[in-house]
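Peer 1: Model the full assembly from the supplied sequences, consistent with the hints where possible.
Chains as they are written, first to last, in the numbering used here: chain A, 1 to 338; chain B, 1 to 338; chain C, 1 to 320; chain D, 1 to 320.
Think of the hints as simulated: they come from the structure by calculation, not from any bench. It should be emphasised that the depicted structure is a prediction, and the values quoted were computed from it without experimental measurement. The beta-carbon is built from N, C-alpha and C at its ideal position, and this holds for glycine as well. Mixed in with the good hints there might be a few duds.
As the list claims (entries may be wrong) - Listing some non-contacts, in silico: residues in chain C with all C-beta distances to chain A over 10 Å: (1) THR9; (2) LYS96; (3) TYR182; (4) ARG257; (5) ARG306; (6) TYR317.
As the list claims (entries may be wrong) - Pulled a few chain A residues facing chain C out of the computed Cβ check, cut under 8 Å: (7) ARG20; (8) LEU24; (9) ILE25; (10) PRO67; (11) ALA76; (12) ALA80; (13) GLY116; (14) SER119; (15) GLY132; (16) ASP176; (17) ARG206; (18) GLN210; (19) GLY264.
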Amino acid sequence: MAVKMIRDVIRDTIDEEMARDDSLIMLGEDIVGGNGSAGGPEAIGGIWGTSGGLWAKYGGDRVIDTPISESAIIGAAAGAALTGKRAIAEIMFADFIGVCMDQIWNQVAKFRYMFGGKSRCPIVIRMPYGAGYNAAPQHSQAIHQFVTAMPGLKVVMPSTPADTKGLLTQAIRDDDPVIFLEHKFLYAVKGEVPDGDYTIPFGHARQVTQGDDITILATGMMVGMAETAAKTLAQDGVGCDLLDLRTTSPLDEEAILDSVERTGRLLIVDEAPPRCSLATDLSSLVAHKAFASLKAPIEMVTPPHSPVPFARELESAYLPSPDRIAAAAARLLSYRRG
Amino acid sequence: MAVKMIRDVIRDTIDEEMARDDSLIMLGEDIVGGNGSAGGPEAIGGIWGTSGGLWAKYGGDRVIDTPISESAIIGAAAGAALTGKRAIAEIMFADFIGVCMDQIWNQVAKFRYMFGGKSRCPIVIRMPYGAGYNAAPQHSQAIHQFVTAMPGLKVVMPSTPADTKGLLTQAIRDDDPVIFLEHKFLYAVKGEVPDGDYTIPFGHARQVTQGDDITILATGMMVGMAETAAKTLAQDGVGCDLLDLRTTSPLDEEAILDSVERTGRLLIVDEAPPRCSLATDLSSLVAHKAFASLKAPIEMVTPPHSPVPFARELESAYLPSPDRIAAAAARLLSYRRG
Amino acid sequence: MQLSRDALTRAYRQMKTIRLFEDRLHDEIALGEIAGFTHLYAGQEACAVGVCEHLGPDDYIISTHRGHGHCIAKGCDVEAMMKEIYGSSDGLCKGKGGSMHIADVGVGMLGANGIVGAGAPIAVGAGITAKSNGTVSICFSGDGACNQGTTFEAMNMAVVLKLPVIFVFENNHYSEHTGEAYAVGAESMTTRAAAFGMKAVKANGIDFFDVYQTIGELIEWCKAGNGPASIELDCERFFGHFEGDPQRYRGEGELERIRAERDCLTTFRTKVTEAKLLEGADLDQIDEEVTALIDRAVAQAKTAPRPTPADVTQDVYISY
Amino acid sequence: MQLSRDALTRAYRQMKTIRLFEDRLHDEIALGEIAGFTHLYAGQEACAVGVCEHLGPDDYIISTHRGHGHCIAKGCDVEAMMKEIYGSSDGLCKGKGGSMHIADVGVGMLGANGIVGAGAPIAVGAGITAKSNGTVSICFSGDGACNQGTTFEAMNMAVVLKLPVIFVFENNHYSEHTGEAYAVGAESMTTRAAAFGMKAVKANGIDFFDVYQTIGELIEWCKAGNGPASIELDCERFFGHFEGDPQRYRGEGELERIRAERDCLTTFRTKVTEAKLLEGADLDQIDEEVTALIDRAVAQAKTAPRPTPADVTQDVYISY
Ligand SMILES: Cc1ncc(C[n+]2csc(CCOP(=O)(O)OP(=O)(O)O)c2C)c(N)n1
Ligand SMILES: Cc1ncc(C[n+]2csc(CCOP(=O)(O)OP(=O)(O)O)c2C)c(N)n1
Ligand SMILES: [Mg+2]
Ligand SMILES: [Mg+2]
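Peer 2: What follows is the structure in structure tokens.
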């Protein structure tokens with residue numbers, strides 16, 4: 001097993017899939033870089049460094065730099081995918097979904113349904129998301145709550161290098177449209193990555209820590225925070241059943257319900273603001289389907305109902321943290337039905 | 001009190017507020033109609049008939065027909081509102097939020113926050129929404145789950161003619177951006193409307209029916225369906241505490257929690273698909289804050305995780321109905337902790 | 001381009017099929033038989049057919065909310081279309097999409113589309129495939145849609161990527177109730193498209209032959225690797241924007257005049273019979289056959305199987 | 001337009017303030033003092049100042065991700081800006097927005113904007129107000145932003161509504177790493193803008209006087225009720241796209257050449273001293289004053305009060 005950073009896993013996985021499947025193309029802003037410049041195209045591979053070298057290897061007909069036109073990027077990927085290609089579209093920041101949501105929501109997600117099951121649109125929309133860089137309100141958002149709410153899309157949120165490989169390979173080979181959410185702050189995270197062909201089926205959560213006292217659900221950057229909290233809690237003898245959901249659509253309902261049936265206590269950690277969020281989604285699943293097992297109110301650790309602020313102090317107060325997670329767990333454990 | 005259809009209440013309310021406040025403008029596609037045609041402008045007042053006659057009365061500088069450019073419509077309303085006007089923007093179908101979401105989500109909703117509290121953007125974005133007309137996947141959607149999730153926006157969903165007047169007047173006079181969601185199928189609903197100046201403060205649910213057995217929460221077209229179900233249930237001696245939320249942001253948490261504390265049973269009716277929805281939002285609120293009062297799992301009646309289908313049979317199977325609501329209520333009442 | 005007798009017959013049959021399809025829908029909608037919003041294409045037949053007569057199944061088109069004509073011209077099954085509009089589970093899209101979403105990817109028809117301007121970006125993507133296949137991608141669009149941001153982005157992107165995409169702007173002079181003269185701020189949508197860096201021409205959308213000839217040249221030009229092109233077709237829509245539209249924005253006598261003087265079917269008939277390319281009797285024969293086809297389609301659609309509640313959740317995903 | 005000594009002094013001071021603000025930020029960012037993404041404006045000063053020297057507080061501008069120059073030129077408080085970039089609660093936006101969102105609606109500055117192309121529609125709205133006030137609305141935009149759908153929509157809408165809006169395209173030849181020659185498919189963004197139906201001109205963005213003169217005429221023209229206009233300013237950015245950009249897309253020696261030959265401050269100094277409008281000593285004096293101002297701003301910013309967690313939920317709404 002090689003040890004790699006997530007950003008390199010992404011590049012390498014795309015590379016392998018491009019080599020494997022001639023019909024795979026990729027589009028985005030500056031994914032090549034240098035087109036039309038004095039320096040010339042140079043495959044710098046985007047500002048995240050997730051496509052370096054691909055243009056040189058696969059050429060400009062398959063690795064396509066675009067103008068700043070996100071709707072046209074998604075539409076172009078979608079039109080190519082409808083007509084026999086597979087396509088990866090990179091949206092530089094997930095926050096830019098605002099300028100291309102129609103193509104994602106009303107086009108890509110609905111083609112197959114509207115067309116009576118007679119089309120396929122194998123497209124992966126890669127969207128770097130999330131806070132942690134003090135990138136301010138328009139470059140720091142979590143958007144999984146929006147895309148998870150959209151029927152017709154699959155939504156993937158890897159949190160480790162190994163999962164990134166397995167889930168991205170799966171996403172590229174999947175015949176349905178997939179939103180692939182890469183947490184910007186995790187790009188530099190390093191870890192072991194299985195060699196060779198490696199896929200992880202969607203809808204299967206990863207058990208991060210095992211325990212019988214509390215179920216904790218998390219995705220993306222929240223997984224690491226929850227893991228840190230779980231370690232602290234373990235020192236106090238509290239066993240946390242921490243699940244990394246990996247995909248929010250499809251959702252591994254079974255793993256979640258099984259765990260809550262065992263622990264009776266649920267804590268959800270989410271990077272998005274609280275209203276109509278994945279946190280509320282998971283909470284309502286359990287309040288409906290595992291109600292009888294619940295020994296305490298469902299706790300959620302999320303940012304407040306506000307945009308992501310810029311200043312360091314504000315952003316860290318905004319985000320969930322291991323401390324806030326541990327405190328919520330403590331509340332859960334001390335709860336006694338009144 | 002006059003008896004009016006909701007579509008006329010909207011027109012008349014805008015008329016009154018335009019007369020009252022010179023700084024109020026309105027923009028949208030075909031809200032005048034006939035511009036640039038042989039027939040000439042004629043204030044047909046849009047395809048919903050909600051602005052008839054306003055152009056003739058207030059002129060083309062205040063009642064502004066636009067090209068098909070929803071981002072520019074929202075942006076123009078926003079820019080005018082930032083610089084001293086009040087603005088109403090009409091988006092012909094709420095489904096078109098996909099082509100203008102950035103202006104709503106990253107601009108309008110965040111100005112005040114990003115600018116450190118030093119700006120105001122008094123804009124009302126009117127969005128006809130919802131199913132019932134067999135208008136197929138791209139013209140039938142509920143979108144309140146998206147906008148309720150966005151900090152910085154207020155979200156209004158009136159269900160009666162009187163509430164439409166009170167809430168729209170409030171929205172126009174409000175200094176924050178407001179998303180005003182008009183259910184297309186309710187436009188022709190008639191009812192009594194208070195004369196004179198009439199506002200309803202945001203964040204106050206309307207008690208539709210009173211009862212001690214079940215709490216039912218609903219908005220928009222779902223309120224009437226729930227009311228029908230409540231009547232059926234009343235015949236069987238079941239008392240429903242039916243709340244019309246009126247605004248989803250701000251939310252009347254107090255009324256919801258008070259009711260559930262009394263009834264111990266919660267049923268939520270929502271027109272949007274189930275994931276990351278208002279239904280899950282309300283469920284999680286209660287699972288967190290009124291857990292100890294709950295006598296049964298929380299029930300939700302929503303469409304399935306699918307687009308809105310076209311055919312009559314499909315659309316009605318897709319939508320919640322009084323029967324499905326009554327059946328869910330029956331499940332709730334027969335629940336015994338295992 | 002000299003057209004064979006067969007080609008002329010086929011073109012007329014296609015146009016007539018569209019006309020009678022739409023005329024008949026107009027009547028059926030008035031009876032309350034059909035649900036939803038329906039936008040009729042009658043009057044614009046020479047545009048769809050003039051373009052699509054050049055295309056094979058591996059060429060792509062994408063359409064608009066007013067899509068029936070494009071679908072028929074590109075070879076969608078007329079009976080399956082009618083069933084779709086009636087919401088039958090035997091419809092082309094199993095009753096899920098209806099009038100505004102008819103599609104048949106198998107014949108290169110990538111869908112009518114309810115979102116104005118949404119087709120253009122998708123046509124660019126089909127253009128990527130077309131470039132690799134030696135085919136062409138056609139984006140049908142309107143005089144209203146040409147003002148939508150997505151259309152502009154798509155035009156620029158197609159130029160940048162030098163794709164064989166043709167933007168066909170059917171200028172029927174109205175977007176809903178608003179006149180093109182108001183909504184298109186530019187001198188014309190064609191001068192504006194030209195300034196995007198593509199070949200941009202106009203043709204007479206009432207005249208099948210002009211459309212056919214002009215678009216034929218553009219297709220060749222695009223297939224030769226010259227990048228995208230645009231064409232504006234001056235045409236008329238004979239019904240309201242959607243069924244139910246009182247059309248108060250029309251000038252006095254406008255509807256009567258365009259129906260009398262600017263009917264592409266009449267124009268075609270006159271041209272081919274005067275030039276003795278086809279006989280009036282040939283055309284009458286086609287008229288009869290098409291009438292029978294539409295009668296059959298409607299009759300079948302009315303009794304076709306209806307979808308069931310279980311169908312609602314089918315076809316959301318291929319696997320989930 | 002002959003500029004007074006005072007006007008020249010003021011223009012130079014504004015440009016120099018921007019330059020030193022940015023140069024200093026460049027250094028501070030390298031020290032790791034400043035969080036987030038920062039896009040520096042150094043090199044383009046003549047654009048912002050050439051435009052804004054015509055404007056009063058009731059004229060509006062909207063800016064981009066590269067907004068510091070526009071903010072300073074429009075009269076935002078330099079110390080409050082620096083505090084904002086450092087994330088202080090005393091910052092112009094209380095530390096909520098940072099570099100990419102600096103705004104001061106009170107002086108007619110409607111915000112830097114992190115979404116490329118988002119400013120254009122908002123500028124159209126400010127144009128509605130401007131039309132009713134007899135003022136003007138300026139949309140600063142880039143050679144990359146001119147390809148975004150929102151920019152196109154806004155241009156068409158401004159033409160349709162005949163609004164006093166000027167689209168200022170600062171063509172610094174790059175959008176991030178991509179050359180303008182690649183991303184703008186058209187002959188030029190100016191010919192394209194002209195085809196939207198507006199007056200569209202170019203000016204030399206390195207030369208304050210050319211910018212000042214040309215935009216002055218456009219502003220008059222717009223205020224006279226002729227509708228919108230556009231201007232393309234040929235200019236250079238001296239730093240990377242954002243701080244940290246290795247700029248490998250530059251040609252060999254390109255950076256050295258533009259810094260040596262295409263510096264708007266040097267150009268200005270040469271012109272005014274050669275024409276004996278100002279003395280070198282006058283300018284040196286301003287340089288010193290500005291240096292002191294920036295020193296003070298940075299020193300203050302570094303010790304300014306920091307926001308507290310309770311601030312996170314403030315200013316989301318006026319009332320809720
Ligand atoms: C994004 C979006 N905005 C508005 C509409 C509503 N709408 C449907 S068709 C139409 C007019 C389109 O005009 P044009 O492009 O000229 O096509 P035509 O109807 O003339 O065929 C409008 C405004 C829509 N469907 N989608
Ligand atoms: C909608 C959107 N797409 C992409 C980006 C990322 N981005 C930020 S600046 C930029 C380049 C902008 O180029 P230009 O308009 O020429 O402005 P310049 O940076 O040269 O000042 C890009 C692609 C963004 N912020 N917003
Ligand atoms: Mg039209
Ligand atoms: Mg640039």
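Peer 1: Would you mind marking each hint as holding or not holding in the structure?
Peer 2: For each hint, the structure was consulted:
1. THR9: Holds, since 30 Å exceeds 10 Å.
2. LYS96: 5 Å, violated
3. TYR182: The claim holds: TYR182 of chain C sits with its nearest Cβ about 24 Å from chain A, beyond 10 Å.
4. ARG257: 37 Å, holds
5. ARG306: Correct as stated: the minimum Cβ-Cβ distance to chain A is 14 Å, above 10 Å.
6. TYR317: 5 Å, violated
7. ARG20: Nearest chain C Cβ about 18 Å off; hint violated.
8. LEU24: 12 Å, violated
9. ILE25: Holds: closest Cβ of chain C sits about 7 Å from ILE25 of chain A, inside 8 Å.
10. PRO67: Holds. Min distance 6 Å.
11. ALA76: 4 Å, holds
12. ALA80: 4 Å, holds
13. GLY116: Holds, about 4 Å.
14. SER119: Holds - the Cβ of SER119 of chain A comes within 8 Å of chain C, reaching about 4 Å at its closest.
15. GLY132: 31 Å, violated
16. ASP176: ASP176 of chain A check passes; min Cβ-Cβ to chain C is 5 Å, inside 8 Å.
17. ARG206: Violated: closest Cβ of chain C sits about 19 Å from ARG206 of chain A, beyond 8 Å.
18. GLN210: 28 Å, violated
19. GLY264: 30 Å, violated
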